[in-house]
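Taken in sequence, the protein lines are chains A and B. All the letters of the first sequence, read from the start, carry residue numbers 1 to 493 under my numbering. All the letters of the second sequence, read from the start, carry residue numbers 494 to 866 under my numbering.
If you're looking for bench data, these hints aren't it; they were derived computationally from the structure. Heads up, some of the hints might be wrong.
Stated by the list, open to error - Rough simulated footprint, nothing fancy, chain B against chain A, three-plus residues with beta-carbon under 8 Å:
hint, stretch
1, 68–76
2, 102–109
3, 333–345
4, 389–398
5, 429–439
C-beta: ideal position from N, C-alpha, C; glycine also.
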Amino acid sequence: MAAVTALRSSYRTAGRLVCIHRVRSSSGIRFIKSKYVCVFDKSALKFSHQQRLFRTSAVSCGQIVQFKLSDIGEGITEVTVKEWYIKEGDSVSQFDSICEVQSDKASVTITSRYDGIIRKLHYNVDDIAFVGKPLVDIEIDASKGVSPEEDVVETPPMSHEEHTHQEIKGHKTLATPAVRRLAMENNIKLSEVVGTGKDNRILKEDILNYLAKQTGAILPPSPKAEIIPPLPKSETVPAAPKDRARKIPVPVSRPIVFSGKDKTEPVTGFHKAMVKTMSAALKIPHFGYCDEIDLTQLVQLREELKPLAQVRGVKLSFMPFFIKAASLGLLQYPILNASLDESCQNVTYKASHNIGVAMDTEQGLIVPNVKNVQVCSVFEIASELNRLQSLGSAGQLGTNDLTGGTFTLSNIGTIGGTYAKPVILPPEVAIGALGKIQVLPRFNGKGEVFKAQIMNVSWSADHRIIDGATMARFSNLWKSYLENPASMLLDLK
Amino acid sequence: MVLQSSLKNCLQLSCILRTPKAGFRSTTSGSLIIQSTSNDVYQNLAVEDWIHDHMNLENRQVLFLWRNSPAVVIGRHQNPWQECNLRLLRQKNIKLARRRSGGGTVYHDLGNINLTFFTSRKKYERMENLKLVVKALKALRPELDVRVTDRYDILLDRHYKISGTAAKLGRTSAYHHCTLLCNADKFVLSSVLKSPYKGIKSNATPSVPASVKNLFEEDPSLTSEMLLDAIAEEYATQHQTDHHITLINPADETVLPGINNKTKELQTWEWVYGKTPKFSVSTCFNMVYKDSVLDVKVDMDVKHGRIEVCNIDLPEQWLPPALSSELVKSLTGSKFCPNEITTLVTTLLRVCPQDEELQSRWNLLCENMIMLM
Numbered sequence: 001m002a003a004v005t006a007l008r009s010s011y012r013t014a015g016r017l018v019c020i021h022r023v024r025s026s027s028g029i030r031f032i033k034s035k036y037v038c039v040f041d042k043s044a045l046k047f048s049h050q051q052r053l054f055r056t057s058a059v060s061c062g063q064i065v066q067f068k069l070s071d072i073g074e075g076i077t078e079v080t081v082k083e084w085y086i087k088e089g090d091s092v093s094q095f096d097s098i099c100e101v102q103s104d105k106a107s108v109t110i111t112s113r114y115d116g117i118i119r120k121l122h123y124n125v126d127d128i129a130f131v132g133k134p135l136v137d138i139e140i141d142a143s144k145g146v147s148p149e150e151d152v153v154e155t156p157p158m159s160h161e162e163h164t165h166q167e168i169k170g171h172k173t174l175a176t177p178a179v180r181r182l183a184m185e186n187n188i189k190l191s192e193v194v195g196t197g198k199d200n201r202i203l204k205e206d207i208l209n210y211l212a213k214q215t216g217a218i219l220p221p222s223p224k225a226e227i228i229p230p231l232p233k234s235e236t237v238p239a240a241p242k243d244r245a246r247k248i249p250v251p252v253s254r255p256i257v258f259s260g261k262d263k264t265e266p267v268t269g270f271h272k273a274m275v276k277t278m279s280a281a282l283k284i285p286h287f288g289y290c291d292e293i294d295l296t297q298l299v300q301l302r303e304e305l306k307p308l309a310q311v312r313g314v315k316l317s318f319m320p321f322f323i324k325a326a327s328l329g330l331l332q333y334p335i336l337n338a339s340l341d342e343s344c345q346n347v348t349y350k351a352s353h354n355i356g357v358a359m360d361t362e363q364g365l366i367v368p369n370v371k372n373v374q375v376c377s378v379f380e381i382a383s384e385l386n387r388l389q390s391l392g393s394a395g396q397l398g399t400n401d402l403t404g405g406t407f408t409l410s411n412i413g414t415i416g417g418t419y420a421k422p423v424i425l426p427p428e429v430a431i432g433a434l435g436k437i438q439v440l441p442r443f444n445g446k447g448e449v450f451k452a453q454i455m456n457v458s459w460s461a462d463h464r465i466i467d468g469a470t471m472a473r474f475s476n477l478w479k480s481y482l483e484n485p486a487s488m489l490l491d492l493k
Numbered sequence: 494m495v496l497q498s499s500l501k502n503c504l505q506l507s508c509i510l511r512t513p514k515a516g517f518r519s520t521t522s523g524s525l526i527i528q529s530t531s532n533d534v535y536q537n538l539a540v541e542d543w544i545h546d547h548m549n550l551e552n553r554q555v556l557f558l559w560r561n562s563p564a565v566v567i568g569r570h571q572n573p574w575q576e577c578n579l580r581l582l583r584q585k586n587i588k589l590a591r592r593r594s595g596g597g598t599v600y601h602d603l604g605n606i607n608l609t610f611f612t613s614r615k616k617y618e619r620m621e622n623l624k625l626v627v628k629a630l631k632a633l634r635p636e637l638d639v640r641v642t643d644r645y646d647i648l649l650d651r652h653y654k655i656s657g658t659a660a661k662l663g664r665t666s667a668y669h670h671c672t673l674l675c676n677a678d679k680f681v682l683s684s685v686l687k688s689p690y691k692g693i694k695s696n697a698t699p700s701v702p703a704s705v706k707n708l709f710e711e712d713p714s715l716t717s718e719m720l721l722d723a724i725a726e727e728y729a730t731q732h733q734t735d736h737h738i739t740l741i742n743p744a745d746e747t748v749l750p751g752i753n754n755k756t757k758e759l760q761t762w763e764w765v766y767g768k769t770p771k772f773s774v775s776t777c778f779n780m781v782y783k784d785s786v787l788d789v790k791v792d793m794d795v796k797h798g799r800i801e802v803c804n805i806d807l808p809e810q811w812l813p814p815a816l817s818s819e820l821v822k823s824l825t826g827s828k829f830c831p832n833e834i835t836t837l838v839t840t841l842l843r844v845c846p847q848d849e850e851l852q853s854r855w856n857l858l859c860e861n862m863i864m865l866m
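In isolation and in its complexed conformation, chain B is listed as follows (with noise of 0.2 Å):
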């Protein structure tokens, strides 16, 4: 069961929080353990941030319990564009956030629970915070079988990856997140991690591809809430301090001082998407036009989520020169984005001579550009 923090507990929180200058001078152990009221997956992040920059973390440790309704992170250097299905995600309006940390893509959902365990740079170490978390496992289910790997996974059944992890590190402190699935949904999970996008070449961190099985159906009375505890109760041990959860409000100004621009910033199109490391994306597509199949072929470069360079093989004459001039002048320079491209293209075709079958020609070429983004 979780603790509700009293009101006290509250005020305690918040005095600590607002001086981090002061340090901690508590008389009780250093260790932290508190979880967000919220499921937003930009302000769950923006905590995050808040403590890795304004909490000195010398002589304390904190761990952080959160989850997400729907929503798919990826991590610091990835391309979207080749981890996810993005046309999926705006369908089924689930969010898209880029974490600070590296590491591949996950899938959140109230079913997928998330552990930030804050230390100093010092006391920065992985193994040891995945061990603490499958003896709680264990100490809560004993007969489960699971296991830490060398690659920083949890694996259930020796097969199944319930957990991923990822880490950020910065000067004087550091954080290691991870996930653990307890009654995710499976299906959703594995359609929205697949990328229909081809063609794409790039730098960026790929992900490793896993099997995953929730615990849930390892042993169908574990629920998300059982597992925080269990977790909880075992950090409080081992680190000697109050099985005590405080709560925290992501919104609240008054306790975490500019945590909504925090919040802000990780929902920018800028961070999200022009965090992308450079791409270029090569491919071709047939357009089916009244009696015949075209073949056209698309070279662009993309730089900081934005078209540098953009090359249309398109069939000779189909389109008159200049107009297909003009469309690949205006997606130079624009956001690899649908919506923006949709509504450049569209306003073009306002300027252009009105004839009917023109349009249609240009409707159904920008179409398909659009596809691709």
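Same shape as in the complex, but just chain A (with noise of 0.2 Å):
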């Protein structure tokens, strides 16, 4: 590799500052060549004589800046390093946040004054940091896939106050203060936007026009997002631009950008629990057997019934009657309640009916029970269910409420539905799905048509212990208390 030197020879013409260096070449035997590199806006003058040369290394194809932590204000002197959202060998842009600070009581984020990429961090987490002192190494791009004897550009050691034109990314983009922080709103690269001025200058015309072509309209520039990294970067368009674009008549056609990234994560949580109870449902030779309910006179009867309820202080909807009836089932067909041990050499015949109801919440799916339904009252059930339905919500459920469930009933038909396939929740052998309650015409005795509240009801069962025929019946019995709601007054205990 050929050794570096630099030359340097720096003179004012007209308001620019040019320098002249040797460039590093990949191999030894290419000649070196010298090329005139940079031009810098006015402000840079006056650092000119602060500048100094940064000798390239062998390996890296830029320069490495070191990023000092900048002024907190008040008098401080030292911070404690709280958190980094970036880490070595990330890429940066300018103003993207590199860390958070905290001194006394006030939290600093601190933003990236280059483009590059990350090279070393001077602090680990809860390490105090000096004001002054670096804090991360940042290369700063030079060009990219060019031939190896391109210049190597120079950047003038940064001073506190604010350049909006640091760095030169190979390529003469020539803009002014004003233009860069237009184009940086918009999150538009000078790079790719044609330049229309002296010398190929880039104007704030150039960034308007590109933005039209872009969009097919002049878009109000977005708000300037500076929002912590580790929320993923996918501001869209806002509405207001998608509108106009609705009201514009011609359609542009431009080549569709889906820039979406396909997200992965680990299965934790109540995903993971999911995972388990269905892995081990799987074992189960489920059949189903689906019916249809009339529920006309159930509804007339909850509609009175629900002010007496309201009173007591508790809401009354459908599902305490529906569980009541299949408890008053399971009576008569106990192996509907039983378990069939892991070795299926045992079944036990539970004596609680500990009717389980899925309940969905914003986590994810939650079955609690109602214990002991063989000896509670339609009233208890309810006022159990309402206990149950507000610490789901509130997650705050404990474990007794989340085990030692029997028998499930789903009732999916809240959030619609007719027919299901529910999956049997291990220990137990069977489990009922109800669909939505709908208007529907039949037929009644005397051959009239008349409107009926539908509800269907899709059961699964466990057929290694469970056949269709118990099955059915079940289901009959649990059907007739309900279409017939004053029958069940007979079988309550």
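Could you fit the two chains together into a complex? Lean on the hints.
The following block contains the structure:
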């Protein structure tokens, strides 16, 4: 590798600063050439006397700049580093958040002054950082994918004041700070904009034209988003331009760019629980049995009883009736309230009817159960359901509420659907899914059409110990209790 | 008396806020006083974020007045398990929020008012703001013994803290906010701010407990509204602007585009709990089972609010080793959150041998583990 030396010669020509240096070459044999490089804005002149040359290392292709921790104010000299938003090797853009530091009740977001790649973090979390000392080392982008005899860019050392034109990306992008800010606010890379000014300088009109071409309309500048990076940068186009796009009649044919990315995350928590349960459920040979229930009479009954329950402070839905009817049915067909052991050697007939109710919460599916339904009144069941529902939505259900279930009902109908194919929750042997109540025309005994409140039920049972006939008879019994609620009175204990 | 803003002024504000880029070429003086119409802590914190991110404060300053329904607000780098009684919060339905500024934990309710002073980064000056508040209080009730300390607290009668401070600095703008205790529920305050969790080792910013007093106790004629108004008036005088408070609805996307996303983000588990700096829990508890008392030792490392490493020391064979390793495996990687762990452990019960003795032991152990969260 040819040794790198840098010649420096600087002179001012009508407000410009030009530097010549030798160029690094990748093979030892090539000639070293020198070229003119980089043009600075006038404001750089003030610091020209501070200019130093950076000796480029043989390995990297960019300049490593030490980004120092700038003054926090109020005479503070040291802060604690609390969180890094980037790690070594990440690429950053100017104004991206780098880290969060804290000093005496003030939390400060440090943003990058450069575009480049993070090469070194000078502190760990909880270390004390000092104002004026280096915080990170950033490798400034040099040109990309161009011939090895490319010029090496020299960057003057930064002062405390902000410049908006710090790095030159290997090709000349002339633009005033105001124009650069406009480009930045609209997430436009200056390298993609065609400059129409002198020496291909990019003017404000060029940015606006570029924007117009992109969307077919002049956009209002989107608000600066200085949001902390852990949020995915999925700021979609704000609603206003979409509306405007709809009003514009002429469709602009442009390639459809979809910038969405796949997201992989580990399965944890609620989902992990579901995976375990359903994997175990797979081992159970399911069979299904479905039917249609005429709830016309029950609907009427509930309307009458709702205010009575309200007075006692309980919200009465249909579920307490479904649950109580199921328990009455289980008294006749106890095998549906049983459990088969691991080796399928023994069937345990459970004495308590602990009927589970599938609940949909923000986090996912949970199944708390109402204990001992066989000795509860419909009102008591309703009251217990209320308690479980409020705990469930607050995320405060206890282990006792979530264990010990022997039979489950899932009222998927509150969300929608008619027939379903529910999955049995081990160690139970049966489950019922209730569809939504629909008003449908049906024929009565006299052959007349009347308005009926119809609900569908879909049962699944473990075919190792439950046969179709048992399931059908249980379902018929349950159905008869609900279609004629007065008959429940006969069998209530 | 708080002046209601006229529709015209709302529109004026919305014009100003909708074109932050234009800068504020307003002919009146730069400063603005706004008050939130909401008592939701997340919405109000979102307004702070929004102003910090989107308003051009180069030539203007903003005072934001807000109050919250009961909530506990922890600082950016704090550990909620260390700072407050999370069980009690959940029981009483008190919200937990994490703000973006530093500092310690505070209890908010409608008797505690919040003031946020927005300035450019260069004009960030906490002492001045607090002196303004003290001046306003003295103008309202000259006999009040209130003063600012060098820790940026405001003390009443030299002992009692009535205001705490925190700040957030960004690239171009900054804000300093503080509370002011007018008539908060001190009983709830002291009970929620006491953490029952033992054995937590962490580098999170700890809060410094202090004795507090309500201004109402000193002078029962004071109300939160009076204090807000007095401070607004003092601010208006010092910044040479109209004493005019503009009302802001933190749910209004037309005035504050993008605000609802900010509100949502502040409510996510990942922000409130997940942003807790790494910590470890090293504790033990006694379990009473049948006629014996068992000692259980637990060690956990929690990072980003999730259990990274978990170790449970049980008496030998109290639970079959397969089951205890299954428990540890499930806990690892899960959120350090009672709801999630409860769901997990109760589900695991479905797929293990249906032995009543075994299951009651499992339940007992899990319930005790969940109490740690």
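Self-check item: Hints the structure fails to honour
Solution: Of the numbered hints given earlier, the structure breaks just one, which is hint 5.
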